[in-house]
Amino acid sequence: MKILVTVKRVPDTAAEKRLDPGDKTLDRESVETIMNPVDEYAVEEALRLKEKVGGEVVVLCMGPASALATVRKALSMGPDGAVHVHDDALHGSCAFNTAKVLSAAIRLIEPDIVLCGSESTDARTSLVPSALAEYLRWPGLIGAKQLEVDGSTVRIQRETETGHDLVEAEGPLLVSVVKGINEPRYPSFKGIMAAKSKPVTDYTLADLGIDPGEVGTAGATTEVVDFAPRPPRQAGQQVKDPGDGSAAAELADFLAGHKFI
Amino acid sequence: MPAVLVLVEHEGGNTKKVTYEMLSKARSLGEPVAVFVGDGLDAARDGLARHGATAVYAGTGEGWSNQLGEPLAGALEAAADRAQPAAVLVASTPGGKDAGARLAARKGWGMLADIVDLDGDLVATQNVFGGATTVRARVRTGTPVFAVKPNSFPVEEAPAEPEVVDLGAPGERGYDNSRVTDQVVQEQGGRPDVAEAEIVVSGGRGLQDPSNFALVEALADALGAAVGASRAAVDAGWYPHQHQVGQTGKTVSPQLYVAVGISGAIQHRAGMQTSKTIVAINKDADAPIFAISDFGVVGDLFKVVPRLTEEVTRRRG
Ligand SMILES: Cc1cc2nc3c(=O)[nH]c(=O)nc-3n(C[C@H](O)[C@H](O)[C@H](O)COP(=O)(O)OP(=O)(O)OC[C@H]3O[C@@H](n4cnc5c(N)ncnc54)[C@H](O)[C@@H]3O)c2cc1C
Ligand SMILES: Nc1ncnc2c1ncn2[C@@H]1O[C@H](COP(=O)(O)O)[C@@H](O)[C@H]1O
Chain R
1 MKILVTVKRV PDTAAEKRLD PGDKTLDRES VETIMNPVDE YAVEEALRLK EKVGGEVVVL
61 CMGPASALAT VRKALSMGPD GAVHVHDDAL HGSCAFNTAK VLSAAIRLIE PDIVLCGSES
121 TDARTSLVPS ALAEYLRWPG LIGAKQLEVD GSTVRIQRET ETGHDLVEAE GPLLVSVVKG
181 INEPRYPSFK GIMAAKSKPV TDYTLADLGI DPGEVGTAGA TTEVVDFAPR PPRQAGQQVK
241 DPGDGSAAAE LADFLAGHKF I
Chain U
1 MPAVLVLVEH EGGNTKKVTY EMLSKARSLG EPVAVFVGDG LDAARDGLAR HGATAVYAGT
61 GEGWSNQLGE PLAGALEAAA DRAQPAAVLV ASTPGGKDAG ARLAARKGWG MLADIVDLDG
121 DLVATQNVFG GATTVRARVR TGTPVFAVKP NSFPVEEAPA EPEVVDLGAP GERGYDNSRV
181 TDQVVQEQGG RPDVAEAEIV VSGGRGLQDP SNFALVEALA DALGAAVGAS RAAVDAGWYP
241 HQHQVGQTGK TVSPQLYVAV GISGAIQHRA GMQTSKTIVA INKDADAPIF AISDFGVVGD
301 LFKVVPRLTE EVTRRRG
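As given, the protein sequences belong to chains R and U, one line each in that order.
At position 176 of the first sequence (counting the first as 1) the number is 176 in our numbering, and the numbers step up by one without a gap.
At position 225 of the second sequence (counting the first as 1) the number is 225 in our numbering, and the numbers step up by one without a gap.
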């Protein structure tokens, strides 16, 4: 089975993120970057799938040249190779441009299954996996907290408000996985060394047959009008409980004053 | 006035409040038109009418289900082809975003997710970077699709008499063979979902023991609230991870957020600091949660929370 897993480079979750005042895109150079945390679960699930059914795992990442570090990080967990799509014209791409580019690369790679993370920590939009399934014209199983393959059928557990649904489809297909689906492995020293010499194929937009005007800031389907820091919240009233819980009455007064009770 | 499509978020005809929030907003932008998919239209119709839907496009019966992105996107597409809307609103839930993203990808439109406001020029407001920055953005291409965060717009009643338009049979979707084969329900005490609730009561490490989440649940039930948890509580196995609030959990923006025994680390605040009102109960007067709380009680939660639950129950009862 040819298993493809998409990984995205994002700013470190703990880092202060900011927008570039010029083109109003996320300033990705001013902060430490990491592999999108949920994508570690996707890579782990891809490796487990390979361990079960055999085949190979290919990593796919769209991001600037510096995203190669993220590609190597993913490879250090164990995948066989990677495809890195980078092109200056991609800067500022929206979720739909990204999905379009990923779909073009996936058509060249021809995997049997595509695994994505459920959301990225910088955009948190979760739009890419759904849009990607649509561009591929493949079934897309969104939000897997468990995945199993049974012959040509892929079955997932999808979290609901009250429990879970079982959803299945036949491949080729796309699955997005949620945090907690597994316990991602730490790259071993051997894995980190091996990742350095694993094959990484570079694709440009020309390789994918995509017109630069369709993607990036030029082709983005959405645009930022303006942005501003949110005014920090002010601390309000504080009361000290004398030790018997009686301050609860004052809190209840506050809640009643705000019509919550 | 142009139509504004609203995808009805419901469970078997039991309509979620976010739907009424979207219909209320849609009325300020054009003619609110509901798109209903799946079973339960009879149960849902009155509520949609009461909240101003001037038409209901309905995909019901054989082949229609609101559990998968595809029939939902197909219904939105069919409704959009007929109504030629100025905008499409879906709820910013996993299902709503999935349907909206498929629709936008198929049509070559643009979509903005997790919006908390929308003006008359269809410029949307989003809170990004854990609520630290407010962005205003617009869709440049095609009909804009917006995924609306629950609790963003007030619900207003505006009775209408909607015409029900049957969407007929679902469109052929040859390539998409996905199907729901089973639904497993693990009871949750009938509490609302943390991402959508108007009031959230969250517990943290200060509870000291998983059994003490009962205190948080009792207060939540008295307030009609959802239960949330800090990552420390979730990582300790005290509460299921779908309740986690924060950077690596859910981002919530309820009318009222009650933090019980939670210090208010930046990663926790990232998931709740856009709540309209925040109150905290913590024994440490210097806990960072107090810096963003509208009302703070410095005290022992084991003393304060039971008394608060009593007070709330008494005053509500
Ligand atoms: C990459 C990353 C992502 C993260 N994502 C998240 C996330 O999504 N959500 C999240 O919540 N955290 C997240 N964290 C963890 C976060 O940094 C904190 O560790 C966590 O929020 C602490 O949880 P807590 O407030 O319950 O525990 P603590 O910080 O231990 O606070 C417990 C509080 O309870 C109070 N207390 C104790 N006993 C009592 C009592 N009897 N009465 C009253 N008060 C009492 C204490 O004074 C203290 O303030 C993340 C961390 C990292 C590094
Ligand atoms: N530039 C990208 N390169 C590779 N994968 C991506 C990219 N952007 C998004 N993805 C995938 O799509 C998932 C959801 O991202 P998002 O839609 O941005 O929230 C991520 O977890 C990745 O698996």
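None of these hints come from the bench; they were simulated from the model.
Glycine included, each C-beta is placed from N, C-alpha and C at the ideal position.
Take the hints with a grain of salt, since some may be wrong.
[To be verified] Chain U is nowhere near these chain R residues, computed Cβ spacing over 10 Å in every case:
id : residue
1  : P64
2  : H91
3  : L127
4  : A195
5  : P212
6  : R233
7  : A235
8  : F254
9  : I261
[Claimed, not checked] Restraint ranges, calculated between C-beta atoms of paired labels, are given here:
id : chain 1 : residue 1 : chain 2 : residue 2 : range
10 : R       : D202      : U       : L122      : 35 to 43 Å
11 : U       : R82       : R       : R233      : 40 to 48 Å
12 : U       : A214      : R       : G209      : 34 to 42 Å
13 : U       : R316      : R       : R233      : 23 to 31 Å
14 : R       : D12       : U       : G174      : 23 to 31 Å
15 : R       : K190      : U       : G63       : 47 to 55 Å
16 : U       : A214      : R       : R230      : 51 to 59 Å
17 : U       : S211      : R       : P199      : 52 to 60 Å
18 : R       : G22       : U       : V180      : 40 to 48 Å
19 : R       : E148      : U       : G108      : 53 to 61 Å
[Unchecked claim] BS3-like mimics (lysine-lysine), calculated; alpha carbons at most 27 Å apart, straight line:
id : chain 1 : residue 1 : chain 2 : residue 2
20 : R       : K196      : R       : K145
21 : U       : K17       : U       : K283
22 : R       : K190      : R       : K179
23 : R       : K240      : U       : K107
24 : U       : K16       : U       : K250
25 : U       : K16       : R       : K259
26 : R       : K52       : U       : K283
27 : U       : K276      : U       : K16
28 : R       : K145      : U       : K250
29 : U       : K283      : U       : K303
30 : U       : K276      : U       : K250
31 : U       : K283      : R       : K24
32 : R       : K2        : R       : K190
33 : R       : K24       : U       : K17
34 : R       : K240      : R       : K259
35 : U       : K107      : R       : K52
36 : U       : K16       : R       : K240
37 : R       : K179      : R       : K50
38 : R       : K190      : R       : K50
39 : R       : K240      : R       : K2
40 : R       : K196      : R       : K52
Each hint tested on the structure:
For R:P64, the shortest C-beta to C-beta distance to chain U comes to about 20 Å, beyond the 10 Å cut-off, and the non-interface label holds. Against the 10 Å criterion, R:H91 stays outside the reach of chain U, whose nearest CB is about 16 Å from its own CB. Under the 10 Å C-beta cut-off, the non-interface status given to R:L127 relative to chain U is violated; the minimum distance is some 4 Å. The beta carbon of R:A195 is kept farther than 10 Å from every beta carbon of chain U, the shortest such distance being approximately 25 Å.
Remark: the non-interface label on R:P212 is consistent with the geometry, its nearest Cβ contact in chain U lying 16 Å away (cut-off 10 Å). Not every beta carbon of chain U lies more than 10 Å from that of R:R233, the smallest distance being close to 4 Å; the non-interface claim is violated. A beta-carbon of chain U comes within 10 Å of the beta-carbon of R:A235; the shortest separation is about 5 Å. The claim that R:F254 is not at the interface with chain U is violated, since a C-beta of that chain comes within 10 Å of its own (minimum 5 Å).
Against the 10 Å criterion, R:I261 falls within the reach of chain U, whose nearest CB is about 5 Å from its own CB. Distance hint check for R:D202 and U:L122: the Cβ-Cβ separation is about 39 Å, which falls inside the suggested range of 35 to 43 Å. Taken as a hint, the range 40 to 48 Å holds for the pair U:R82 and R:R233, whose Cβ atoms sit roughly 45 Å apart. The hinted window of 34 to 42 Å between U:A214 and R:G209 is violated, with their beta carbons roughly 60 Å apart.
Between U:R316 and R:R233 the beta carbons are some 27 Å apart, a value that agrees with the proposed interval 23 to 31 Å. Hint check: R:D12 to U:G174, Cβ distance near 43 Å, so the stated range 23 to 31 Å is violated. Between R:K190 and U:G63 the beta carbon distance is about 52 Å. The supplied range of 47 to 55 Å therefore holds. Separated by about 35 Å at the C-beta atoms, U:A214 and R:R230 break the suggested range of 51 to 59 Å.
Distance hint for U:S211 and R:P199: a CB-CB separation of about 53 Å, consistent with the stated range 52 to 60 Å. Taken as a hint, the range 40 to 48 Å holds for the pair R:G22 and U:V180, whose Cβ atoms sit roughly 46 Å apart. Distance hint for R:E148 and U:G108: a CB-CB separation of about 35 Å, inconsistent with the stated range 53 to 61 Å. For the hint pairing R:K196 with R:K145, the CA-to-CA distance comes to about 31 Å; that exceeds 27 Å, so the pair is violated.
For the given pair, U:K17 sits about 35 Å from U:K283 by alpha-carbon distance, which is inconsistent with the 27 Å threshold. Annotation: proposed proximity of R:K190 to R:K179 holds, straight-line Cα distance about 26 Å (limit 27 Å). Of the supplied pair hints, the one linking R:K240 and U:K107 is violated, its CA atoms being roughly 57 Å apart against a limit of 27 Å. This hinted pair checks out: U:K16 and U:K250 have alpha carbons roughly 18 Å apart, not beyond 27 Å.
At roughly 22 Å between alpha-carbon atoms, U:K16 and R:K259 fall within 27 Å of each other, so this suggested pair holds. A threshold of 27 Å between alpha carbons decides the hint, and for R:K52 with U:K283 the separation of about 50 Å lies outside it, so the pair is violated. Between U:K276 and U:K16 the alpha-carbon distance is near 20 Å, which keeps this suggested pair within the 27 Å criterion. About 16 Å separates the Cα atoms of R:K145 and U:K250, which keeps this hinted pair within 27 Å; it holds.
Proposed proximity of U:K283 and U:K303 is supported: the alpha carbons are some 11 Å apart, at most 27 Å. At most 27 Å may separate the alpha-carbon atoms for a hinted pair to count; U:K276 and U:K250 meet this at roughly 16 Å. Our distance criterion of 27 Å between C-alpha atoms is broken by U:K283 and R:K24, whose separation comes to about 42 Å. A C-alpha spacing of about 24 Å is found between R:K2 and R:K190, which places the hinted pair at or below 27 Å, so the restraint holds.
For the hint linking R:K24 to U:K17, the alpha-carbon distance of about 34 Å lies beyond 27 Å, and the restraint is violated. Under the criterion of a C-alpha separation no larger than 27 Å, the hint pairing R:K240 with R:K259 is consistent with the structure, at around 23 Å. A C-alpha spacing of about 38 Å is found between U:K107 and R:K52, which places the hinted pair above 27 Å, so the restraint is violated. Under the criterion of a C-alpha separation no larger than 27 Å, the hint pairing U:K16 with R:K240 is inconsistent with the structure, at around 39 Å.
With a C-alpha separation of about 20 Å, the suggested pairing of R:K179 with R:K50 holds against the 27 Å cut-off. Only pairs whose Cα atoms come within 27 Å are accepted, and R:K190 paired with R:K50 is accepted, the gap being roughly 19 Å. Distance check on the hinted pair: R:K240 and R:K2 sit about 62 Å apart at the alpha-carbon level, beyond 27 Å; violated. With a C-alpha separation of about 26 Å, the suggested pair R:K196 and R:K52 falls inside the 27 Å cut-off, and the hint holds.
Checked against the numbered hints given earlier, the structure breaks hints 3, 6, 7, 8, 9, 12, 14, 16, 19, 20, 21, 23, 26, 31, 33, 35, 36 and 39 and satisfies all the rest.
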